[in-house]
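Chemist: Starting from the structure of chain E, add chain W where the hints point.
Chains E and W are the protein sequences, given in the same order. Take 1234 as the starting number for the first sequence in our numbering and just add one per residue. Take 13 as the starting number for the second sequence in our numbering and just add one per residue.
Where hints are given, some of them may not hold.
Stated by the list, open to error - Okay, the calculated beta carbon distance ranges per label pair:
1. E:Thr1254 with W:Gly50: 22 to 32 Å
2. E:Val1292 with W:Glu63: 29 to 39 Å
3. E:Ser1307 with W:Gly96: 32 to 42 Å
4. W:Asp54 with E:Gln1249: 23 to 33 Å
5. E:Thr1286 with W:Ser91: 42 to 52 Å
6. E:Thr1286 with W:Glu29: 47 to 57 Å
7. E:Lys1285 with W:Ile17: 31 to 41 Å
Claimed, not checked - A few chain W residues facing chain E, derived, Cβ under 10 Å:
8. Val16
9. Gln18
10. Thr30
11. Asp54
12. Pro55
13. Gln56
14. Phe57
15. Gly70
16. Glu115
17. Tyr118
18. Phe119
19. Gly120
20. Gly122
21. Arg124
In short, the hints are calculated from the structure, not lab data. Model, not experiment: these values are computed from the prediction. Backbone N, C-alpha and C define an ideal beta-carbon position, used for all residues, glycine too.
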Amino acid sequence: LAKTTQPISMDSYEGQEVNITCSHNNIATNDYITWYQQFPSQGPRFIIQGYKTKVTNEVASLFIPADRKSSTLSLPRVSLSDTAVYYCLPRRALTFGSGTRLQVQP
Amino acid sequence: AAGVIQSPRHLIKEKRETATLKCYPIPRHDTVYWYQQGPGQDPQFLISFYEKMQSDKGSIPDRFSAQQFSDYHSELNMSSLELGDSALYFCASSVARQAGSQETQYFGPGTRLLVL
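Only chain E is shown next, with the shape it has when bound in the complex (with noise of 0.2 Å):
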């Protein structure tokens, strides 16, 4: 199964774009990969997910090179609502590896 790697945390500032990027060397052949946000309390919700080049809607972008060892989660514009943990692991996968914690300040 593929193990996904991501930053434990990031700060950023309100307007700025925020770039997560996850490490997943050994992702399936046929797999896609998904990104999740998940607020204190809260379920994870589903972002976005793509198989290769580049994903975009109303919240954000994905972006998957060639090789598909890794991708990179896109914020455009963060505001103080973004603050949560993301979460990327294969569409297949059970397991959720350790998020990354993004901080948006004022």
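Modeler: Frame of chain E, contents of chain W only:
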């Protein structure tokens, strides 16, 4: 859009008591997953069901059991509760976990269990 429903949202029990948590998946989702999340920890996978059959098993204690019913809702039964069982319990649902399928899990709001 309909989401995953969990009940109760909060539960307080004494040590050695039993508890039952319920999960109602998103309509037409046939797969249910249970996770446990302790304070300051990442979600830990417990068990999952596809079409009423157990599909994967994680770190679920022997004191816990779960099942999925014909209407696809699921129940997590916890017996001989211990202080360490105090946690948030999340249920997630997805469609069609089968070979080659690409499902996305959607999580419920969780049940906060406190064991005193």
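Chemist: Output the indices of the hints that this structure fails to meet, ascending.
Modeler: 10
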